Amino acid sequence: MIIMSDVRISVIIPHLNQPQMLARCLGSLRNGTRQPDEIIVVDNGSDVLPDVPDTVTLLRQDTPGPGPARNMGVAAASGDVLAFIDADCLAQFDWLEAAAKAILTGDILGGDVRIAYVNPAKLTVLEAYESIYAYQMQRYIAQEGFTGTGNLVVKATVLDTVGPFAGVDKAEDRDWGQRATGMGLEIIFVPQMRVYHPARRSFADLYLKWDRQLAHDYGLITDGAGKLRWAVKTLAMGLSPLAEIPRIVLSDRVGGIADKTKAFVGLCRIRAYRTGRMVNLMLRGHPERLAAKWNR
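Letter by letter, the sequence shown follows residues 712 to 1007 in the working numbering.
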């Protein structure tokens, strides 16, 4: 049994070519009300290794993918609790404090992820869209049995039981979480455990994310019935933006008609792209080609 005063937390951060973002992430951890007992940054093949404080352990993992990077961090960690955050995220001041309290009664914790705005008074289309549709961790946990690895806290012994994170051929957060829940383990959503993630810089970045996700999902199809379900989902995807209007109007994650309109515009672009990719996979197959395009 873990006692709060005895909890030793190792924070593990995969990194690839984001030195300024990493510096901001480390700064947010230093300013927290609960300090990490250990911070491990695992570089995943950056052009230049990042500069980190002497108190941070820097490792190098040349195997592509944040999953292998996290696995190397896990192997080096000494904590009995492992907290994962991405290099481009900012931890809220009480992120680890909330995690240290919640881990006393849970084995796997998923926290809230919100969009970090460049200018809160003038959201971009992508910021408005992702505020509503990205990083819906509470729904992922309740309905799909996983949570994002960019805000995941887990007991080390539980991670040993579930096993390592997958490589770039799979959506490693969904794969790991669903393996855990498939074993009967529970993922607990902790809203106070919040981090902030920047919106994608361009629609092209978001398209690559969906290429990887769609390749993963299509690769799970094993029979004709699965292909039929895929065809039905493809049709529904193309028609879905109109059905999402009430959700956008009622969302408390963005305010004002202008920002809600931006969110709807972004939704239409993304759903149209996903529909096209789903049709392409249905007609041509080869999901591995889409997965290979993802930039680690």
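For the record, the hints were derived by calculation from the structure and aren't laboratory data. This structure is a prediction, so every number in the text was calculated from the model and none was measured. Using N, Cα and C, we set each Cβ at its ideal position, and we do this for glycine too. Hints may contain errors.
Using 27 Å as the maximum straight-line C-alpha spacing, the simulated DSSO-like pairs for lysine-lysine come out as follows [as the list claims (entries may be wrong)]: (1) K938 to K833; (2) K881 to K866; (3) K866 to K812.
Derived CB-CB ranges, DEER-like [to be verified]: (4) D748 to G996: 46 to 54 Å; (5) A969 to A947: 38 to 46 Å; (6) L760 to A942: 19 to 27 Å.
request  = Starting from the hint 46 to 54 Å, judge whether the C-beta atoms of D748 and G996 obey it.
outcome  = Between D748 and G996, where Cβ atoms are some 48 Å apart, the hint holds.
key: Whether the CB-CB distance between A969 and A947 falls inside 38 to 46 Å   = 29 Å, violated
Pair hint outcome, K866 versus K812 [Cα-Cα no greater than 27 Å] = 13 Å, holds
request  = Determine whether the Cβ-Cβ distance between L760 and A942 falls within the hinted range of 19 to 27 Å.
outcome  = 47 Å, violated
ask   = Under the criterion that the straight-line Cα-Cα distance not exceed 27 Å, is the pair K938, K833 satisfied?
value = 42 Å, violated
ask   = Is it true that the CA of K881 sits at most 27 Å from the CA of K866?
value = 23 Å, holds
Of the hints listed earlier, those the structure fails to meet are numbers 1, 5 and 6, in rising order.
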